Amino acid sequence: MRREEFLARLKGPEAGHHLPPNEEPPELPPPPQDLAGHFLQAARATGCTVYAGSLPELRDLLRREIGQGPVLRGGEEPVARLCEGLASVAVDEPFTAAWGVALADGALARTGSMCFVRRREAPLTASLVPPRIAVLVPESRMVWDLGDYLRTPPEGGSIAVVSGPSRSADIENDLSIGVHGPGEVLVLLWHDRDGAVAC
1 MRREEFLARL KGPEAGHHLP PNEEPPELPP PPQDLAGHFL QAARATGCTV YAGSLPELRD
61 LLRREIGQGP VLRGGEEPVA RLCEGLASVA VDEPFTAAWG VALADGALAR TGSMCFVRRR
121 EAPLTASLVP PRIAVLVPES RMVWDLGDYL RTPPEGGSIA VVSGPSRSAD IENDLSIGVH
181 GPGEVLVLLW HDRDGAVAC
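Counting from 1, one number per residue, gives the positions in the sequence shown under the numbering used here.
Possibly wrong hints are sitting among the right ones.
What the hints assert, rightly or not - DEER-style ranges, computed between Cβ atoms:
1. P21 / A98: 55 to 61 angstroms
2. S54 / Q33: 18 to 24 angstroms
3. T152 / L28: 17 to 23 angstroms
4. R2 / P32: 57 to 63 angstroms
5. R120 / A45: 30 to 36 angstroms
The set of hints was computed from the structure by calculation and includes no laboratory data. Note that the structure is predicted; figures quoted are calculated from it, not measured. Built from N, CA and C at the ideal position, the CB exists for glycine as well.
Using the sequences provided together with the hints, build the complete structure.
So, in structure tokens, the structure goes:
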């Protein structure tokens, strides 16, 4: 078939006849008013342990949960304050950490997911490598879904979206937790703006 014939067929009346007609997308219900409450509920449903409070309250809680094991943490200022008094390990030794502590760049209330953006001061190792992670989620960074989060693309490298502990299943559908990522996720919802959130 010559090039001209091929192009004529693409532009002819039969072109695209197998495609469905254009339809308006369904109208989605509006997001709930209480994003934080919905986020906590969705995060619990994915298998996370969740808490909410001020930074000092979450710091005390983290010390009780983690104890004094080695902690791999990101370099952001809120994470440094949260981890005061905890032993930390160098970034080049991430596999010796019992816990990772990371700051979420965003949180998706619809699915209870947390977004992490790779930056120099915030390598993804703290949120992906240790067997257990604690994630500080600022309430001010919460949006309804991934579409809302990506409306203003974050600056940095790759984005990781974490929805609960790592789950893997083989061909026989045997579910394993924590094989390809953290097996335990502790979500710390930080009230960094006015307003209380029910736990």
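Against the structure, the hints come out as follows:
1. P21 / A98: 55 to 61 angstroms: holds (57 angstroms)
2. S54 / Q33: 18 to 24 angstroms: holds (22 angstroms)
3. T152 / L28: 17 to 23 angstroms: With a Cβ separation near 20 angstroms, T152 and L28 satisfy 17 to 23 angstroms, so the hint holds.
4. R2 / P32: 57 to 63 angstroms: holds (59 angstroms)
5. R120 / A45: 30 to 36 angstroms: holds (34 angstroms)
Hint check: no violations occur; every hint is consistent with the structure.
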